[in-house]
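Asks: Spelled out, the chains give:
Protein chains: 2
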Amino acid sequence: MWPGPGARGASAARPGRGPATLPDMASESPPRAYRRLSVEERRRQLLAAALELFAHRAPEEISLDDVAETAGVSRPLVYRYFPGGKQQLYEAALRSAADELERCFAEPPGGPFTERLGRVLNRYLAFVDEHDTGFGALLQSGSVVATSRTGAIVDGVRRAAVEHVLRGLGVTGPGARLRMAVRMWISSVEAASLIWLDEGKEPSRDELRDWLVEQFVAGLLATAGRDGQTAGVVREVLAAEDSGGSVGGLLRRVLPLVGEAAHLR
Amino acid sequence: MWPGPGARGASAARPGRGPATLPDMASESPPRAYRRLSVEERRRQLLAAALELFAHRAPEEISLDDVAETAGVSRPLVYRYFPGGKQQLYEAALRSAADELERCFAEPPGGPFTERLGRVLNRYLAFVDEHDTGFGALLQSGSVVATSRTGAIVDGVRRAAVEHVLRGLGVTGPGARLRMAVRMWISSVEAASLIWLDEGKEPSRDELRDWLVEQFVAGLLATAGRDGQTAGVVREVLAAEDSGGSVGGLLRRVLPLVGEAAHLR
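First to last, the sequence lines map onto chains A and B.
In terms of the UniProt record's numbering, the first sequence opens at residue 1 and continues consecutively.
In terms of the UniProt record's numbering, the second sequence opens at residue 1 and continues consecutively.
The reader is advised that the hints may include incorrect statements.
Which copy is meant is left open, because identical chains are indistinguishable; a pair holds if it fits in one copy or across any two.
[As the list claims (entries may be wrong)] Heads up, simulated SDA-like pairs for lysine to any residue below, C-alpha to C-alpha not over 20 Å straight-line: (1) LYS86 - THR147; (2) LYS86 - ALA58; (3) LYS201 - ARG179; (4) LYS86 - SER148; (5) LYS86 - HIS56; (6) LYS201 - PRO174; (7) LYS201 - ASP227; (8) LYS201 - GLY175; (9) LYS201 - ARG226; (10) LYS201 - GLY136; (11) LYS201 - ARG177; (12) LYS201 - ALA176; (13) LYS86 - ARG209; (14) LYS86 - GLU260; (15) LYS86 - ARG75.
Everything labelled a hint here was simulated from the structure, so no lab data went into it.
Can you build the whole structure from these sequences, using the hints too?
Replies: The following block contains the structure:
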């Protein structure tokens, strides 16, 4: 997902080996040749190396030496781009990952809502799958690199997710209740992602996706019972659903169970 | 909720004024008299003062001077009990709050599950209400006092909450799916609590409680459609419900909405 060399493909990702021109080359053994990269390309390369590392190990286990080695550059070069050291690099990598994650949320309108939500979750779960350890570490409180700034980046992603879901529902002026319901679901998806990583990625990504969509529908239905705006949204969502879609399947499996409890109606 | 003197009742909470015996008295003006407290009583008094402060201000805004002043003691005395300074005091106060919170979860068996869950949520929301700022700060990543130890304390409370809910459902060997569903709900309750504090404690505590119970039922129903164990649990929960209870009300409000979408069945 990230451009540039990573731990698993460092040599393949440096195709254009040019002359050794950087002052920090002298300290390396064996000497390596660099392609001349623009400042922006170099920055992206270092961020990609950092993300590769942060994806699979906890931030506290990673040093700037590791980042330099993964990117195939010297440690002074890493410091030249990120003079604030590991914390600055981590925050920049996090910002880059957050942007990538937010791009997952975009989904053109049209068609049943649950299908669109399923496609967003496909991309989101692929991201979680790829960045597993880093994703987990990021959301753990007490990480050594967690600051109010990293917290703000993570909160920004959450807010973007909420806005995308509300827009996907066709809601322009969400009331407090509907917004709270969406935020609760986003939070439960985050929890499910961490549990999923903890449990060796069981169940399968597809099964988790379908279940998360159903959890959203169930939560929305429960909220519709207490909130007129949400009831209106539910009517539109249900009207656009195919009989073979997510909501139809959910109702066919759950309504018989509810029907058994005849004393409750 | 916390024993001992707090900012709002400091003088009333020091009824037995004894002779001034502590060495740090000399530095105070006007001179105060201390009751002789046992080590354990003194420790509790300081934790209570710390919790009182942490409840209403962010940890980074609180100094040991504030804690000393709130408890009506000298700063050296606070350091004598918590030589690790603010971090140690914060962790001890957090541990004490976590114990209190875990006691909220205990609920004797018997009667409809949703009524028991509602009583637990009553106590939990009262706790959130009382400790508002501190509760919020605790759950924000990047707090200056957040460490892996404070993270572990918070995670311990989450785990206890999950176990209590599973026990309340009468489940002894929960499968992965049912456990994940409960963890997702706990997470969404946490999110709802923070939003509730953010939004000036709207809706009312009772309304929020009822809605959270319904969200739990809805999530459990959706999970029952995919998991045999959860379906069995749902049958028992529904069988124990009164017609006028939480599930009955939810079904009466939501089923008509579902009934409108005849093409989905």
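Asks: For each hint, tell me whether it holds in the structure or not.
Replies: Results for each hint:
no. : hint            : in the structure
1   : LYS86 - THR147  : both (13 Å within a copy, 18 Å between copies)
2   : LYS86 - ALA58   : within (13 Å within a copy, 27 Å between copies)
3   : LYS201 - ARG179 : between (29 Å within a copy, 15 Å between copies)
4   : LYS86 - SER148  : both (16 Å within a copy, 19 Å between copies)
5   : LYS86 - HIS56   : within (16 Å within a copy, 34 Å between copies)
6   : LYS201 - PRO174 : between (34 Å within a copy, 18 Å between copies)
7   : LYS201 - ASP227 : between (36 Å within a copy, 17 Å between copies)
8   : LYS201 - GLY175 : between (35 Å within a copy, 15 Å between copies)
9   : LYS201 - ARG226 : between (35 Å within a copy, 17 Å between copies)
10  : LYS201 - GLY136 : within (13 Å within a copy, 30 Å between copies)
11  : LYS201 - ARG177 : between (32 Å within a copy, 12 Å between copies)
12  : LYS201 - ALA176 : between (34 Å within a copy, 12 Å between copies)
13  : LYS86 - ARG209  : neither (34 Å within a copy, 44 Å between copies)
14  : LYS86 - GLU260  : neither (59 Å within a copy, 57 Å between copies)
15  : LYS86 - ARG75   : within (11 Å within a copy, 36 Å between copies)
Hint compliance for this structure: hints 13, 14 are broken, all remaining hints hold.
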